[in-house]
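Asker: Going line by line, the protein sequences match chains A and B.
Its first residue numbered 60, the first sequence is counted upward by one per residue in our numbering.
Its first residue numbered 11, the second sequence is counted upward by one per residue in our numbering.
These aren't lab readings, by the way, just hints derived from the structure by calculation.
Note that beta-carbon positions come from the ideal geometry of N, C-alpha and C, so glycine has one too.
Heads up, some of the hints might be wrong.
What the hints assert, rightly or not - Partner residues aside, some chain A positions facing chain B, computed with beta carbon under 10 Å:
#1 A510
#2 K667
#3 F680
What the hints assert, rightly or not - Heads up, simulated EDC-like pairs for lysine to aspartate or glutamate below, C-alpha to C-alpha not over 16 Å straight-line:
#4 A/K600 with A/D296
#5 A/K195 with A/E171
#6 A/K671 with B/D31
#7 A/K700 with A/D657
#8 A/K667 with B/E32
#9 A/K195 with A/D273
#10 B/K16 with B/E82
#11 A/K476 with B/D70
#12 A/K600 with A/D440
#13 A/K615 with A/D343
#14 A/K610 with A/E311
#15 A/K519 with B/D31
#16 A/K671 with B/E25
#17 A/K667 with B/E25
#18 A/K458 with B/D70
#19 B/K16 with B/E40
#20 A/K511 with B/D31
#21 A/K214 with A/E72
#22 A/K667 with B/D31
#23 A/K600 with A/E299
#24 A/K466 with A/D440
#25 A/K667 with A/D650
#26 A/K95 with A/E72
#27 A/K476 with B/D72
#28 A/K458 with B/D72
#29 A/K168 with A/E145
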Amino acid sequence: MCGLAGYIGNVAEPERLLAAMGDAIAHRGPDGRGLKVIAPSGSAPGAGLSHVRLSIVGLADSAQPMLSEDGALAIAFNGEIFNYVELREELVARGHRFRTSGDTEVLLKLYEIYGAECLSRLNGDFAFAIWDGRTKRMMLARDRMGVRPLFYTEKAGTLYFASEVKALLAIPGFHATLDPFALDQVFTLWSPIAPRTAFEGVFELEAGNYMIADASGRRISTYWSLDFPDAGDVRLDMDENEKAAQLRHLLEDATRIRLRADVPVGSCLSGGLDSSIVAALAADMAPRGLDTFAITFDSAEHDESSFQTLMARHLGVKHHEINCSEADIAAAFPDVVRLAEKPLIRTAPAPMYRLSSLIRETGMTVVLTGEGADEVFAGYDLFKEAKVRRFCARQPGSKIRPHLFRKLYPYLPGLQKQSAEYLAAFFGADAAPLSDPLFSHRPRLRGTAAAKLFFSGDLKSKLAGYDAADDMIAQLPERFGRWHPLHQAQYLETRFLMPGYILSSQGDRMAMGNGVEGRFPFLDHRLVEFAATLSPSMKLKGLKEKYLLRKSMADKLPAEIAYRVKQPYRAPDSRAFSGAVAQEQVHAVLDQRRVAGDGFFNAAAVDKLVQKCAGQTAPSFRDDTAFIGVLSTQMWLDIFKGTNRRASEAA
Amino acid sequence: MSAAIKETIRSFIVENFLFGDEAGLPGDAESLIAGGIIDSTGVLELVAFIEEQFGFTVADSDIVPANLDTIEAIAGYVGRNASAAVAA
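Put together the whole structure using the sequences plus the hints.
Answerer: Below is the structure:
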């Protein structure tokens, strides 16, 4: 697990640039540094790679950038190929020899033999750049789910790329500007829609894609994308026990290969079903015992420590926990924005950053987590909500059916007091047409977009006629319309929010900020592909989420965990900034003149919002979203706007 | 009287939900939910405001869009329940 950067084209002082790019992402790789100008400037094209290393596999002999034996190929690689052991054995059996014991050389050899076709053989979380001197091409590639990041930009005909945008700020003459359309997307979908990023002119290579760049330009291709059977082809006669056994087998194998490392691997324990499953499987496979890690909160509404402790005792693991107070969230938030590199509308990444600091302090660098299970096996409330909305839409005006919404959100006190009519109105049960491709997501999109109220007149006119939700629809594959509604909802969640927010802002960036690598058994592509073929009712049975997953794992879990209703991971939002120290910070960042000067928000309205939130114990969804959204955007501007200096110092 | 109630409601909406942005004020007959002005917490904020401002308690069964989802509806509802309180 590491960071990479590089270029293809011509650069005036290549060594200096590669070193500066590496400096900017040094937090991703505290254990080693390397850079190489592979093709000197003046050749057509020039090329260079930079790498910062976090040593996990092949500790002694896998320095990067790594060259092939004949020197024709060079690689800078971030991530892991979990099935490298099997791939290596296969290649050795065919007569290939290896100089190192790690996965980097296996990847390089596979590319040497298969070219871009090698991607379909890999089971892993990766982003890499391979320079192919034979064809004078650079290949960039990213894993199927979007676990590891890769960004790029072009300047004067040279293509620059890096694990984080920070490294691109080192490009001479590069000026960071906030993309107004990305901001509109964040204030609708919680993140920019790839390939767009918060930085104007900087793009992200999408999950499951690779790019070939050479002197004539660049071409992006997709080697993997999430697919579901047509609704009419979904088999309803599946044997539940047989499917549960298959699921168990796949999950065990996905966990087993994710424990491969030359350093100890720990496991996160949130107290929910998914991380408990992963920890239970890992505990069985860890010969020297397992360390587990958890975050606790002061507020009963967010804290799950009783379930964490219960599970840790059940497994007999060595459990570590760290508390995250409201003041901790506020104090960490500028760092969180710096690492996430995009405006956020939730503080939930902040406790994850704190958790990774605990993991690092314990001396560990790799952890398994339960991430992905909610997307793959339909755990999120949104899936249930969409089902209830369809149910309500079948009998408009029903006084009985909308009461189900209350049942979905027992943890939202504001909803408990509402009438059936209001519940139906809030969830748009009578409004959104069933044929809308975004049907499942409309209440969330609409609720988030309400925070655009604070956009300045200037920004609104720049965005006139633009709708982020329409942009999302434009990116859907043609086959989308033929899928079952649950599969459509799962696709939207897995394609957009998961890489755009969950795996990046809350995942890779918060973990790597402390040099920690997360691994996600539920996102093994074999498991994802298997789950896609399951009938919707095996995932969401009635209103019982992750049905088949529970069934397949019940024997490994205490009943309190196995049948626990999903509690979404949340953290205090605007309330985290109500303390005296945090208020001072808020007033500095949201100073009326600065907000007005940057021009993105209506400064007078923001001022009133700050006052309203400061005096409120339970702010509304819209106010919370707006407060965090505006605050993080202004922090982003403070950190990144215009110059590259502050950003690279801070990293 | 109804005009005065409407004005009070409008200025509450502008201050509390639109943060001073009068340009965002919906027409008297436009839905506050569809306009993204009020969400589930917002409704409770509105109820609390009505109770404080007009001096009567809003019954749970009255918290329905028919009474509270447009400025017109709110003014009518308040007028029916608080005629004594606002006549002054």
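Asker: Confirm or reject each hint.
Answerer: Outcome of the hint check:
1. Taken as an interface hint, A/A510 checks out: its beta carbon lies about 9 Å from the nearest beta carbon of chain B, inside 10 Å.
2. Evaluation of the A/K667 hint against chain B yields a held restraint, the C-beta minimum of about 4 Å falling below 10 Å.
3. Given the 10 Å rule on beta carbons, the hint for A/F680 holds: about 5 Å separates it from the nearest Cβ of chain B.
4. Simply put, A/K600 and A/D296 have alpha-carbon atoms about 15 Å apart, close enough for the 16 Å limit, and the pair holds.
5. Restraint check: the Cα-Cα separation between A/K195 and A/E171 comes to about 14 Å, which is no more than 16 Å; the hinted pair holds.
6. Restraint check for A/K671 and B/D31: the C-alpha separation of about 15 Å stays at or below 16 Å, so the hint holds.
7. Distance restraint check for A/K700 and A/D657: the Cα-Cα separation of roughly 10 Å lies within the 16 Å cut-off, and the hinted pair is therefore satisfied.
8. Note on A/K667 and B/E32: the hinted pairing holds, with a Cα-Cα distance of about 14 Å set against a maximum of 16 Å.
9. The suggested pairing of A/K195 with A/D273 holds, with an alpha-carbon distance near 6 Å, which does not exceed 16 Å.
10. Simply put, B/K16 and B/E82 have alpha-carbon atoms about 7 Å apart, close enough for the 16 Å limit, and the pair holds.
11. Between the alpha carbons of A/K476 and B/D70 the distance comes to roughly 8 Å, so the proposed pair stays at or under 16 Å and holds.
12. Between A/K600 and A/D440 the alpha-carbon distance is near 13 Å, which keeps this suggested pair within the 16 Å criterion.
13. For the hint pairing A/K615 with A/D343, the CA-to-CA distance comes to about 10 Å; that is within 16 Å, so the pair holds.
14. Taking the CA atoms of A/K610 and A/E311, the gap is about 15 Å. The hint holds against a cut of 16 Å.
15. Of the supplied pair hints, the one linking A/K519 and B/D31 holds, its CA atoms being roughly 14 Å apart against a limit of 16 Å.
16. Proximity of A/K671 to B/E25 is assessed by CA-CA distance (about 10 Å); at most 16 Å being required, the pair is judged to hold.
17. Restraint check: the Cα-Cα separation between A/K667 and B/E25 comes to about 8 Å, which is no more than 16 Å; the hinted pair holds.
18. Between A/K458 and B/D70 the alpha-carbon distance is near 15 Å, which keeps this suggested pair within the 16 Å criterion.
19. As the CA atoms of B/K16 and B/E40 are separated by approximately 13 Å, the hinted pair is consistent with the 16 Å bound.
20. A distance of roughly 12 Å separates the Cα atoms of A/K511 and B/D31; the hinted pair therefore holds under the 16 Å criterion.
21. Pair hint A/K214 plus A/E72 holds up; C-alpha atoms about 15 Å apart against a cutoff of 16 Å.
22. With a C-alpha separation of about 10 Å, the suggested pairing of A/K667 with B/D31 holds against the 16 Å cut-off.
23. Between A/K600 and A/E299 the alpha-carbon distance is near 12 Å, which keeps this suggested pair within the 16 Å criterion.
24. Using a Cα cut-off of 16 Å, the hinted pair A/K466 and A/D440 holds, with the two alpha carbons roughly 11 Å apart.
25. The suggested pairing of A/K667 with A/D650 holds, with an alpha-carbon distance near 12 Å, which does not exceed 16 Å.
26. Annotation: proposed proximity of A/K95 to A/E72 holds, straight-line Cα distance about 12 Å (limit 16 Å).
27. Straight-line distance between C-alpha atoms of A/K476 and B/D72 comes to about 12 Å, which keeps the hinted pair within the 16 Å bound.
28. Simply put, A/K458 and B/D72 have alpha-carbon atoms about 14 Å apart, close enough for the 16 Å limit, and the pair holds.
29. A threshold of 16 Å between alpha carbons decides the hint, and for A/K168 with A/E145 the separation of about 14 Å falls inside it, so the pair holds.
In terms of the numbered hints stated before, the structure departs from none.
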